[in-house]
Amino acid sequence: MSARLGAAVIALWVALALGADLLASDLPIAVRVDGRTYLAPLWTRPAALQAETQPGLRRRAEWMIGTLVEFGPRQTLATTGTTRTDAPPFAPDARHWLGSDDIGRDVFARLVHGARVTLLIALGVVLLSSLLGVTLGALAGWKGGVVDLLLSRALEIASTFPTIFFLIVVVAALRTPSLTAVVLVLALTRWPEPARLMRAEVLRLKGLDFVLAARALGASEARILVRHLVPNALAPVIVSSTFAVGSAVLLESALSFLGLGVAPPTASWGELLQQAHRSLVTPGAWWLALFPGLAIASLVLATQAVGKGLERRFDVRR
Amino acid sequence: MGRLIATRLGLMVPTFVVITAITFAVAHLAPGDPLQLADEEQASAAVVEAARRELGLERPLGQRYLTWLGRLARLDLGASVVDRAPVTERVREALPRTVLVSGLALLVSVLASVFVGAQLAARHERRWARVVSAALTLASGVPSFWVAVMALLLLATPRGVELFPLQGLSSGPGAGVLDLAWHLVLPVLCLAWPTTAMLTRFVRDGVSKSLEQDYVRAALARGLDARRVLWRHALPNALVPVVTVIGLHLPHVVAGSVVIERVFGVSGMGLLAFEAIGTRDYPVVMGVAAVMAAVTLASMLVTDVLSAFIDPRLRLPGSAP
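Going down the list, the sequences are from chains A and B. The first sequence begins at 1 in my numbering and counts up by one. The second sequence begins at 319 in my numbering and counts up by one.
By construction, these hints were calculated from the structure, which means they are not laboratory data. Be a bit skeptical, because a hint or two may be false.
[As the list claims (entries may be wrong)] Covered by chain A, according to a simulated footprint, are these stretches of chain B (three or more residues, beta-carbon under 8 Å):
#1 516-524
#2 568-581
#3 584-595
#4 611-617
[Said to hold, decoys possible] Selected chain B positions facing chain A (Cβ under 10 Å, derived; list incomplete):
#5 Leu329
#6 Met330
#7 Trp464
#8 Met604
[To be verified] Computed cross-link-like contacts, EDC-like style, restricted to lysine to aspartate or glutamate with a CA-CA straight-line distance of at most 20 Å:
#9 Lys527/B <-> Glu443/B
#10 Lys206/A <-> Glu221/A
#11 Lys143/A <-> Asp93/A
#12 Lys527/B <-> Glu311/A
#13 Lys308/A <-> Glu407/B
#14 Lys143/A <-> Glu221/A
#15 Lys527/B <-> Asp315/A
Since this is a predicted model, take the numbers as computed values, not measurements. Glycine residues also receive a C-beta, built at the ideal position from the N, C-alpha and C atoms.
Just need the whole structure built from these sequences, with the hints factored in.
This is the structure:
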């Protein structure tokens with residue numbers, strides 16, 4: 001995959017995640033029914049429409065602009081008002097593009113809404129851990145001495161940390177982890193990488209002439225670090241963070257797959273695969289496993305492609 | 319070599335203490351304890367209080383941690399809160415399964431990646447080499463648990479071909495080695511998947527870099543067989559960083575084993591910890607976390623020693639990578 005194609009795939013997923021409500025929802029984008037006009041009821045959730053479904057509204061409405069797929073991510077067979085003779089899971093067809101799971105929830109709706117959770121967690125983890133790592137790494141590289149020694153020891157410990165068991169303990173402690181909690185915990189396990197890269201770059205750069213020049217011009221220590229060193233040392237961190245988005249997606253989906261991610265019924269890609277694993281008991285529902293897997297793979301490969309492109313552009317050797 | 323092991327061990331002990339202390343603190347500072355779950359079943363206050371005292375839950379955290387650490391030194395991990403069974407026994411049952419699956423997976427990945435990686439580097443201009451390289455890139459983006467679910471779907475259910483068993487490691491009591499091997503195929507291959515994808519590309523890049531070195535050209539100029547140059551001259555030099563990478567990758571293999579155990583119903587350490595969460599059985603969760611931390615640290619020590627064995631430069635003091 002070329003870097004450009006990778007960027008396009010990422011942009012597509014971001015767009016799908018942002019527009020999830022317009023793509024798949026239990027309420028229409030706009031509707032005129034019973035003499036009243038509702039604009040974007042899917043965001044305002046007026047009480048009058050609470051019990052309605054899109055197919056039901058379409059029959060009664062004067063006019064209606066529906067969403068692409070007429071199901072929300074949490075609508076089960078009982079609440080879609082669908083009458084079918086066969087039992088779910090339904091295979092992909094004209095109504096359920098990517099099929100439905102064993103309680104009749106639409107896979108497409110859950111996939112685009114799940115993209116929100118997965119992307120939000122991945123981006124949150126990478127941003128937070130990079131911020132933490134850059135700060136600590138820059139300080140350690142610049143100050144040296146005890147600060148550096150402490151950070152180096154911490155890095156050594158963190159690199160041997162059996163993350164998964166720590167996460168299991170944390171989740172056991174939290175019972176139903178919120179999105180913020182998941183982001184925080186995952187970020188705490190990923191900060192060593194940017195910290196190590198930042199420390200090495202600052203150590204390399206701080207002996208160079210431009211730092212001496214800045215000091216000769218009377219720049220303060222803090223200014224040299226923040227305005228001169230960090231911006232010049234950022235390239236390896238940016239490259240590794242791009243790759244980290246992909247790993248964060250994989251880690252988040254592995255956690256949700258184990259049932260340790262964001263609490264259900266919130267959909268995320270890993271949770272969709274967990275559904276697929278459970279449905280193996282009544283086999284044949286290949287669509288439950290195939291589509292979330294393709295989604296994860298496409299996003300991870302896209303971030304790797306963009307990361308490789310940046311690596312070449314910045315001339316960073318990892 | 320002895321000094322290297324001593325220094326590494328000296329670093330490992332504090333690391334182990336810090337890891338377990340953090341895990342212990344998180345587990346015990348969280349609101350609620352196992353008895354609160356019992357509370358929901360309306361146990362009387364006096365009974366709960368007595369049980370809490372018996373389990374030592376009223377003492378300060380630091381003290382409890384030190385007691386736990388002291389017991390650990392005597393290989394006693396305490397008793398499960400749920401059924402009072404000794405955790406050590408549970409771990410003794412579960413650990414061999416995890417070590418078996420992870421160890422075999424590691425072995426498969428290392429053998430496959432060294433062989434395939436060297437071949438890819440030597441024949442990079444062939445079309446099949448390019449196809450395999452592209453496939454490896456693709457494979458690294460595909461989560462192993464998805465591969466596992468798809469493998470089960472295609473190879474273990476009536477929908478596909480029922481070649482392999484759906485769950486577990488044994489068809490029943492008294493089943494032989496062949497039965498075990500049959501049950502191990504899918505879990506081991508799925509766990510080996512991400513490591514192989516990563517390692518093969520690493521070996522390939524390493525070997526193709528050594529193939530450009532002057533000593534390789536010199537060996538070829540002396541008229542040595544190209545195959546011998548690849549396997550005896552270029553490959554060993556490329557293997558030194560590979561051993562280090564395997565060491566750094568070990569925590570990922572351990573993490574992967576938890577997911578794989580869940581998919582294939584292998585009752586190893588991951589599944590043990592996982593089941594203990596539901597009942598907030600902290601002695602079990604802590605025991606598993608501590609043992610797995612120790613196993614990970616020990617295997618990292620092994621890879622360190624192995625690196626020093628392959629590359630004598632690493633044996634010098636102060637040159638730890």
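Do the hints match the structure? See the list:
| no. | hint | result |
| --- | --- | --- |
| 1 | 516-524 | violated (count 0) |
| 2 | 568-581 | holds (count 7) |
| 3 | 584-595 | holds (count 5) |
| 4 | 611-617 | holds (count 3) |
| 5 | Leu329 | holds (7 Å) |
| 6 | Met330 | holds (8 Å) |
| 7 | Trp464 | holds (4 Å) |
| 8 | Met604 | holds (8 Å) |
| 9 | Lys527/B <-> Glu443/B | holds (15 Å) |
| 10 | Lys206/A <-> Glu221/A | holds (11 Å) |
| 11 | Lys143/A <-> Asp93/A | violated (63 Å) |
| 12 | Lys527/B <-> Glu311/A | holds (19 Å) |
| 13 | Lys308/A <-> Glu407/B | violated (48 Å) |
| 14 | Lys143/A <-> Glu221/A | holds (10 Å) |
| 15 | Lys527/B <-> Asp315/A | holds (18 Å) |
Hint compliance for this structure: hints 1, 11 and 13 are not met, and every other hint is.
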